Amino acid sequence: MNTTVDVASEEMPEGIPLSERGPASTRVVAAFGFWLFLLSDIIVFSALFAAYAVLNGETNGGPSASELFDKRHVLFETGCLLASSFTCGMMMIAIEERSKASTYFWALVTAALGVVFLYLEVSEFGGMLSAGAGPSRSAFLSSFFTLVGTHGAHVTAGLAWLLIMMAQIGTMGFRPMVIRRMVCFSLFWHALDIVWIGVFTVVYLGAAHT
Amino acid sequence: MNAHVETTDAQRAPGSHQSRRDRLRSYSIGFGLAVLFTAGSFAASSSHLVWGPSIPVLLAVLAIAQMGVHLVFFLHISTAPDSTNNVLSLAFGVFVVGLVIFGSMIIMANLNHAMMPMDQLIDIHKQR
Numbered sequence: 001m002n003t004t005v006d007v008a009s010e011e012m013p014e015g016i017p018l019s020e021r022g023p024a025s026t027r028v029v030a031a032f033g034f035w036l037f038l039l040s041d042i043i044v045f046s047a048l049f050a051a052y053a054v055l056n057g058e059t060n061g062g063p064s065a066s067e068l069f070d071k072r073h074v075l076f077e078t079g080c081l082l083a084s085s086f087t088c089g090m091m092m093i094a095i096e097e098r099s100k101a102s103t104y105f106w107a108l109v110t111a112a113l114g115v116v117f118l119y120l121e122v123s124e125f126g127g128m129l130s131a132g133a134g135p136s137r138s139a140f141l142s143s144f145f146t147l148v149g150t151h152g153a154h155v156t157a158g159l160a161w162l163l164i165m166m167a168q169i170g171t172m173g174f175r176p177m178v179i180r181r182m183v184c185f186s187l188f189w190h191a192l193d194i195v196w197i198g199v200f201t202v203v204y205l206g207a208a209h210t
Numbered sequence: 001m002n003a004h005v006e007t008t009d010a011q012r013a014p015g016s017h018q019s020r021r022d023r024l025r026s027y028s029i030g031f032g033l034a035v036l037f038t039a040g041s042f043a044a045s046s047s048h049l050v051w052g053p054s055i056p057v058l059l060a061v062l063a064i065a066q067m068g069v070h071l072v073f074f075l076h077i078s079t080a081p082d083s084t085n086n087v088l089s090l091a092f093g094v095f096v097v098g099l100v101i102f103g104s105m106i107i108m109a110n111l112n113h114a115m116m117p118m119d120q121l122i123d124i125h126k127q128r
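Order-wise, the sequence lines are chains A and B.
When the letters of the first sequence are read in order and numbered with my numbering, they come out as residues 1 to 210.
When the letters of the second sequence are read in order and numbered with my numbering, they come out as residues 1 to 128.
Do not take every clue at face value.
Unchecked claim - Examples of chain B residues lying across from chain A (beta carbon under 10 Å, computed):
1. ALA109
2. ALA114
3. MET115
4. MET116
As the list claims (entries may be wrong) - Examples of chain A residues toward chain B, derived with CB under 8 Å:
5. PHE32
6. TRP35
7. PHE49
8. GLU97
9. SER99
10. VAL148
11. GLY149
12. VAL178
What the hints assert, rightly or not - Listed next, with one range per pair, are the computed distances between beta-carbon atoms:
13. A/SER66 x B/ARG21: 41 to 47 Å
14. A/ASP70 x B/ILE124: 40 to 46 Å
15. B/VAL57 x A/PHE105: 26 to 32 Å
16. B/SER54 x A/SER123: 55 to 61 Å
If you are wondering where the hints come from, they were derived from the structure by calculation, not from laboratory data.
From a predicted model like this one, the values you see are computed outputs, not experimental measurements.
Positions of the beta carbon are idealized from the N, C-alpha and C atoms, including for glycine.
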């Protein structure tokens, strides 16, 4: 008898069987749908990672990975993105509390860190291009610019999305629809940080060990 | 009744607690761990404390650990009933990602290995 009670309590945290609980809330369903999109986006990145891993050594006499990358620069970029992930979490807490002022504040900090990240990335690309190490130099550089550039494009899109969401909070307030979109935005922003972990490990730190 | 309460608490995601303090703590723990792993992998990549050929493995372990931290503390993936579908689709996503990356690497390494060296290939063309 005891065992059946234990099993039941594990399966029914709220005392209602799973089959009788009805459809999940819109918030759960929307987050799940967006999670599926994020996974498909990560699969796109995995193809770019595979291309980079295969073409890593094909420098065609041009500069190689260990000659090009500045580790301190990348550490600073990584710090910005990681901190912006944290401030994005703070923004979600502010939204749960329906506090407009602190939502705007944390959104501003998140966006500022994202802009600094993008600035660092663009300046790195600019330096490489002016040194003659553009994407057309070798297969290695083509795959590098595609992988890191795609991540940068995602960050840019995320910044635009954040800006639009702040305008929506300003005009519509904390409606359930707006809050669902903010939840999706935070998932997107955190997923970009996960992709960046792969980028700095494989591209920048792995450069010295290939 | 006590046991009932414990299971529901354990099944909740670290960030899906209702109270502000718990959410703040979840993000702070995640951020602290992420900083630790990031600093660890940057330090490991240029350290001489670790045997050289093992550094890529160490970097991979640190990166995967940090991805796990982000998933649990930032994206709130957990074993909660609400999250079952998320976990299942994540498992499938990880499977596909592994297939694409390691499949490509194995196939390309194999083709590289089987390919004739370039100078011999040029010689064949010149003999015509």
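Outcome of the hint check:
1. ALA109: 8 Å, holds
2. ALA114: 15 Å, violated
3. MET115: Violated, because the Cβ-Cβ distance from B/MET115 to chain A comes to roughly 13 Å (cut-off 10 Å).
4. MET116: It is violated, given that the least Cβ distance between B/MET116 and chain A is near 17 Å, above 10 Å.
5. PHE32: Hint holds; A/PHE32 Cβ to chain B Cβ min 5 Å, cut 8 Å.
6. TRP35: At about 5 Å, which falls below the 8 Å cut-off, the nearest Cβ of chain B leaves the hint on A/TRP35 intact, so it holds.
7. PHE49: 6 Å, holds
8. GLU97: Cβ of A/GLU97 sits 7 Å from chain B, so the hint holds.
9. SER99: Violated - the Cβ of A/SER99 stays beyond 8 Å from chain B, reaching only about 10 Å at its closest.
10. VAL148: With a minimum Cβ separation of about 16 Å from chain B (threshold 8 Å), the hint on A/VAL148 is violated.
11. GLY149: 19 Å, violated
12. VAL178: 19 Å, violated
13. A/SER66 x B/ARG21: 41 to 47 Å: Holds, at about 46 Å.
14. A/ASP70 x B/ILE124: 40 to 46 Å: This hint holds: roughly 44 Å between Cβ atoms.
15. B/VAL57 x A/PHE105: 26 to 32 Å: 42 Å Cβ-Cβ, so the 26 to 32 Å window is violated.
16. B/SER54 x A/SER123: 55 to 61 Å: 34 Å, violated
Of the numbered hints given earlier, the model fails hints 2, 3, 4, 9, 10, 11, 12, 15 and 16; all others are met.
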